[in-house]
Amino acid sequence: MGKTLKFVSKYLADMKWKIVLALSLSFVSSALIIWRPKVSGQIVDKVAQPVYLALSSGKAVDASLYSVLLSLSGLILLITVARSLCLYFYRYTTEIVSQSVWRSMREDMYRKLSILDFEFFDKNRTGDIMTKMTSDTEMLRHFSAFTLIMTIENIVLFVGAIFAMLLINPILTGCLAVVVPFVLFLSRSMATNIRPKFHRVREGFSALNSNVQENIGGNRVVKAFAKEDYEIEKFEEKNQDFAQRNRDVADLQSSYIPKLDFSAGMLSVILIAAGGVLAVWGKVSIGDIVTFNGLLWAINNPLRMSGWLMSEMERAAASTERILEFLETEPKINPEIEKPVKVERFLGEVEFKNVTFKYDNDYVLKNISFKVQPGQTVAIVGPTGSGKSTLVNLISRFYDVSEGEVLIDGINVKDVDLYRLRDNIAMAMQDIFLFSDTIEGNIAYGNPSASFDDVKRVSQAADADGFISRMPDGYDTIVGERGVGLSGGQKQRIALARALLKNPSILVLDDTTSAVDMETEHFIQQTLKEYFADRTTFIIAHRISSVKNADLILVLSDGQIIEYGTHENLIKRPADEAYYRSVYENQMGDFDSFYTAAQGGINSGKK
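What the sequence shown shows, in numbering that gives the first Met the number 0, is residues 0 to 606, in sequence order.
No wet-lab data here; the hints were simulated from the structure.
Remember, predicted model here, so these are calculated numbers, not experimental data.
Idealized CB from N, CA, C, for every residue including glycine.
Some clues are possibly wrong.
Calculated lysine-lysine pairs in the BS3-like style (CA-CA distance at most 25 Å, straight line) [unchecked claim]: (1) K357 <-> K370; (2) K413 <-> K455; (3) K45 <-> K58; (4) K331 <-> K352; (5) K370 <-> K413; (6) K413 <-> K331; (7) K413 <-> K365; (8) K357 <-> K413; (9) K196 <-> K5; (10) K331 <-> K111; (11) K122 <-> K357; (12) K338 <-> K111; (13) K455 <-> K365; (14) K413 <-> K341; (15) K196 <-> K2; (16) K282 <-> K37.
Beta-carbon label-pair distances, calculated as ranges [what the hints assert, rightly or not]: (17) N245 <-> D107: 47 to 53 Å; (18) F117 <-> G473: 31 to 37 Å; (19) V342 <-> D107: 28 to 34 Å; (20) D44 <-> D250: 44 to 50 Å; (21) F434 <-> F234: 38 to 44 Å.
Required output: the full structure, derived from the provided sequences and hints.
Printed below as a string of structure tokens:
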């Protein structure tokens, strides 16, 4: 609980007066609860007992007793109304405090989420992150709004009731206090045993969330492969596991709660037995016993709730550890760290100096070196998994190099303010993401102040204006989540238009036209020539037609540059020695080479 209190107190610091008010109202409410039984005992001693004695002896009831009864009854009514008002303002105040805590906590977590780098998202499931930002924060909201205040209220109520009982009769109070150590032992034991089980519950809930999130995101794949039954079975397994973890918690609680309830119930037995004996001995009045009976609730209730409150604290502790783990995660590349160089706009000279990058312990790029002049176009080709996308990701510093340097205009990217660095670079990524927004909103995402004419101009350059204009709402058409409702080629062209509108110094196109036909690709290449002229452009592609006009072509294989040069130079190399020429001949149709190769295969077969 200490760690949870320390964590939550950070968010409570700005609301100390509201907390003071809530605690004051809680103290007043507890005092009123303790006071009411005392008034009830006075009614018995000052009214009920004299009336009973008068009636039993045949005497007239003293008229003054009516006024005493009326004043004491009015006092009880006043206490009840006052406590109701206290509870109203107390609940209202605590809800304001808890919602403020929840809001601030979510903001901090989202702020942290925004600065975490690619590596974090590579290693953490979306469902797990969502659980921390929703369910775990809600648990801490509940803790600050209810559990914490209720715990303080119960402690005050319990201590206040014990103190009031001591003032009335220390002997009877001592008899009742025998039960307390046993209850405290049970509560502590329960808290110790239940904490790891709550951790397992939170982990199970995260796994369940991740499974649901993956199925929602991949619903088309599931249906395409007719794997609904398989996914339902997988979900049922995780759901069953989550249910079992909750049952484990319930089993443990059910083994402790009856013992705590029994201990609290024993107080009534002790009161009747010990109180009766003391009343016979004349050590306590009937009104005092009535007062004790009324105060018994103020002891009983905290004892009965102690087990439940301990469970809630351990739930909050489990959520706190998960949230702290998230908030204490430090990105290897932190955009909020101030860097000495803040460039408004790069010229676009890019140089890789002996760059090596490894992910965990696996080498992805090995000793990469090349230099690109401002305004040049660089094409990167190679087989799948050769490190093409990783190479351009290093320019934007999505990852940091393991060895070597990446320089822009002669400045190491590690020395450049990260926001300014990325503001100078626009990317049309291989994995296209479109927001649930209008088409215009998606295109203008990187440049929200752009005019509609600018949006339309880049859309025409990306050959997207035609299909957008044919839509019922044109540029105001709302695209579904991740661009659902658009074809792969349409999404690629919108992503390309979004990159162009940013007007960057460095433009990165990662397999941007792979989903469009050859004719559309040719049109896009022709219209983009004016955009490539004044900016450095990196093009990753598998089609030779997309890269043949580049100033420099880099051929990657197994994380290394195996060939580089212009298209004209690379196709002059022997096909059996050069990856680029072999791809060129396969795609562009060098039939003489194919015929020669085929004949060689036939002749060798005859032998």
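### Task
Could you tell me whether the CB distance from F434 to F234 stays inside 38 to 44 Å?
Once the Cβ atoms are compared, 28 Å apart, the range 38 to 44 Å for F234 and F434 is violated.
### Message
Taking the Cβ atom of F117 and the Cβ atom of G473, is their distance within the range 31 to 37 Å?
### Response
holds, 35 Å
### Message
Run the distance test for K331 versus K111: straight-line Cα separation, threshold 25 Å.
### Response
Distance of about 13 Å is within 25 Å: holds.
### Query
Holds or violated: are the alpha carbons of K413 and K365 at most 25 Å from each other?
OK: K413 and K365 at ~19 Å, within 25 Å.
### Query
Is K413 close enough to K331, meaning Cα to Cα at most 25 Å?
holds, 11 Å
#### Entry: K338 paired with K111 [C-alpha distance capped at 25 Å]
This hinted pair holds, its Cα atoms lying about 19 Å apart.
### Task
Return holds or violated for the Cβ distance of N245 and D107 against the range 47 to 53 Å.
violated, 29 Å
### Task
Would you check the hint for K196 and K2, treating anything up to 25 Å between C-alpha atoms as holding?
holds, 18 Å
### Message
Quick check: does the Cβ-Cβ distance between V342 and D107 fall within 28 to 34 Å?
### Response
holds, 30 Å
### Message
Tell me if the straight-line CA distance from K331 to K352 falls inside 25 Å.
### Response
holds, 21 Å
### Task
Starting from K413, check that the Cα of K455 is at most 25 Å away, please.
Given pair K413, K455 is violated - Cα atoms ~36 Å apart, limit 25 Å.
### Agreement of K196 and K5 with the hint, judged by alpha carbon distance not exceeding 25 Å
holds, 22 Å
Violated hints, in rising order: 2, 13, 17, 21; the structure is consistent with all others.
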